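Chains as they are written, first to last, in this note's numbering: chain A, 1 to 304; chain W, 1001 to 1304.
It should be emphasised that the hints constitute simulated quantities derived from the structure, not laboratory data.
Since the structure is predicted, the reported quantities are computational estimates derived from the model, not experimental observations.
Don't be surprised by glycine CBs; every beta carbon is placed ideally from N, CA and C.
Hints are supplied without guarantee of correctness; some may be wrong.
FRET-style restraints, in silico, Cβ to Cβ [claimed, not checked]:
id, chain 1, residue 1, chain 2, residue 2, range
1, A, K113, W, E1283, 36 to 46 Å
2, W, G1157, A, D236, 47 to 57 Å
3, W, P1150, A, P150, 14 to 24 Å
4, A, G165, W, A1135, 33 to 43 Å
5, W, G1132, A, R244, 17 to 27 Å
6, W, A1162, A, A251, 26 to 36 Å
7, A, E292, W, A1075, 49 to 59 Å
8, W, E1283, A, P150, 24 to 34 Å
Protein chains: 2
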Amino acid sequence: MTLGSFTGVLVPALTPFKADLSPDRERFLAHLKWLLRQGADGLAIFGTTSEANSMSVEEKIELLDYVIAGGIPPARLMPGTGCCALTDSVRLTRHAAQQKCGGVLMLPPFFYKGVSDAGLFANFSEVIQRVGDSALKVYLYHIPPQTSTPITLNLIGMLLKAYRGTVIGLKDSSGDWNNTAAVLKEFPEFDVFPGSELFLLQGMRAGGQGCITATGNVNPAGIRKVFEQWQTPQADALQAGIDRVRKAIQAYPMVPALKRIIAHFNHDAEWAQVRPPLVRLPEEKWTSLLPELAEAGLGGAAAA
Amino acid sequence: MTLGSFTGVLVPALTPFKADLSPDRERFLAHLKWLLRQGADGLAIFGTTSEANSMSVEEKIELLDYVIAGGIPPARLMPGTGCCALTDSVRLTRHAAQQKCGGVLMLPPFFYKGVSDAGLFANFSEVIQRVGDSALKVYLYHIPPQTSTPITLNLIGMLLKAYRGTVIGLKDSSGDWNNTAAVLKEFPEFDVFPGSELFLLQGMRAGGQGCITATGNVNPAGIRKVFEQWQTPQADALQAGIDRVRKAIQAYPMVPALKRIIAHFNHDAEWAQVRPPLVRLPEEKWTSLLPELAEAGLGGAAAA
Chain A
1 MTLGSFTGVL
11 VPALTPFKAD
21 LSPDRERFLA
31 HLKWLLRQGA
41 DGLAIFGTTS
51 EANSMSVEEK
61 IELLDYVIAG
71 GIPPARLMPG
81 TGCCALTDSV
91 RLTRHAAQQK
101 CGGVLMLPPF
111 FYKGVSDAGL
121 FANFSEVIQR
131 VGDSALKVYL
141 YHIPPQTSTP
151 ITLNLIGMLL
161 KAYRGTVIGL
171 KDSSGDWNNT
181 AAVLKEFPEF
191 DVFPGSELFL
201 LQGMRAGGQG
211 CITATGNVNP
221 AGIRKVFEQW
231 QTPQADALQA
241 GIDRVRKAIQ
251 AYPMVPALKR
261 IIAHFNHDAE
271 WAQVRPPLVR
281 LPEEKWTSLL
291 PELAEAGLGG
301 AAAA
Chain W
1001 MTLGSFTGVL
1011 VPALTPFKAD
1021 LSPDRERFLA
1031 HLKWLLRQGA
1041 DGLAIFGTTS
1051 EANSMSVEEK
1061 IELLDYVIAG
1071 GIPPARLMPG
1081 TGCCALTDSV
1091 RLTRHAAQQK
1101 CGGVLMLPPF
1111 FYKGVSDAGL
1121 FANFSEVIQR
1131 VGDSALKVYL
1141 YHIPPQTSTP
1151 ITLNLIGMLL
1161 KAYRGTVIGL
1171 KDSSGDWNNT
1181 AAVLKEFPEF
1191 DVFPGSELFL
1201 LQGMRAGGQG
1211 CITATGNVNP
1221 AGIRKVFEQW
1231 QTPQADALQA
1241 GIDRVRKAIQ
1251 AYPMVPALKR
1261 IIAHFNHDAE
1271 WAQVRPPLVR
1281 LPEEKWTSLL
1291 PELAEAGLGG
1301 AAAA
């Protein structure tokens, strides 16, 4: 059972930047189209991997409009729209809803620490009420390593009670399987996506909907195959294969490494650009990553 | 010696909100005027205490323009202009510079964790270069409890080497005197403001410039007196007095408590409003805080 339009492998798409650090919308659109051709079920643009918090609301709105105008079906888009500022979250969420995006992925306001579930509830509640669109589908974004502000079981319960049918799922980037399992157990009707393919098979077996994973930017077809075949005898072997690729990459700074991989396979050096405060992958790290990728089985497939 | 126009007691001014959660610019202007009348040397608007990260760039620009039009001298303003997104930081910093603010207080981009000094340097460097105003004065904002992204001694050294005369100081909200002392020792020419009046006297004796402190919103005159008399025999007794007020307040959630105090002394219940994810101070906490304030010696002075 799924409550929204999303199930399977969603990719928090990387945002390419030009040498002047402005978003490169042409390369972005080409990358999204490649991901869909490779079998990505959805595009979670403006996520952590997208360097979304390094972009203004205006830049995100312009990119969103551009890729939709360029042919990306809005129903396949799950843009990140949760900002620190309530008014920014409202503006971006409203725009995504007006554009008929399949859903939105909402970070909690992440500057303050130790805020209460009541305060987080008030934040999400204000956004939902101000947007006021019955078609809005909200996925909560639990990523305590970055936010230190968890989406607790208690908070999920409060939101489901008040906004059932609108708040319909969770991306769990805690990296903690016990948390994912607890959410699946407590809220079996909730659409839960682990934030890494390391938990894809385990998640499917426990009632999850797939995964939303950074490395989907370079290994979408491999990860999709595990989703397709999770009920077959090959599932564990396929999972072990994508685990090897993931583990090779995640030993490096994730976003710079993914961009450097695409730059390599696309013969397009400009793809390696990041926006501060991130820095490009140093070449000596690339020199060690490249053979590790080959050994893990990731070849020329990663080409947008 | 001070490199900028600021020395003494700066107040990260609270931002009042209306019942509909929009910024209340009239109450904000009245509060800033009261703080100046009480002896505040500067107004560090759009800080943590100001709930600045709960407001959009547009809202901050509108408030800044309004208070300047309303008579607040720009030279007394040190707005917070460091955002997560590079383009937001550039826009807000440029606007503050165009408005001839005495300085700006810059948070590091605070979403990513474990970013390198090189990446943080690139962020500040891009902002300074894009604003391109030789009159710009930047104070760095070190507040690891909120950001988990420290302004290290190494980073300060890198910035001073590249932007001496532009990067001129630091607000140290680490709450760690050893860090403040290390910055003062390593960079004696740097304008250092501890982020709490608990370190005011200690800071002045070690070469600091004063303090930038949340509780300045309700006890500006008391704190200013320590600054005025820090070289007199009464200094330690005066410091002990403001410590008592600070410690009474900081046992409660800081921003909601400060707003509730002003609401009380101003007979203006609307002042207690906060923007999510913060929540108002529960009345039972206020019932315990009020007599503690009286015991600490804070009376009716806190009235805007």
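Hints versus structure:
1. At about 24 Å, the CB distance of K113 (chain A) to E1283 (chain W) disagrees with the hint of 36 to 46 Å.
2. For G1157 (chain W) and D236 (chain A), the Cβ-Cβ distance of about 52 Å falls inside the hinted range of 47 to 57 Å, so the restraint holds.
3. Judged by the Cβ atoms, the range 14 to 24 Å given for P1150 (chain W) and P150 (chain A) holds: they are separated by roughly 22 Å.
4. Distance hint check: the CB atoms of G165 (chain A) and A1135 (chain W) are about 54 Å apart, inconsistent with the given range 33 to 43 Å.
5. As the Cβ distance of G1132 (chain W) to R244 (chain A) is approximately 48 Å, the hint placing it in 17 to 27 Å is violated.
6. At roughly 32 Å, the beta carbons of A1162 (chain W) and A251 (chain A) sit within the given window of 26 to 36 Å.
7. The beta-carbon spacing between E292 (chain A) and A1075 (chain W), approximately 56 Å, falls within the hinted interval of 49 to 59 Å.
8. A C-beta distance of roughly 27 Å is found between E1283 (chain W) and P150 (chain A), which places it inside the suggested range of 24 to 34 Å.
Going down the numbered hints, you'll see the structure goes against 1, 4, 5, while the others check out.
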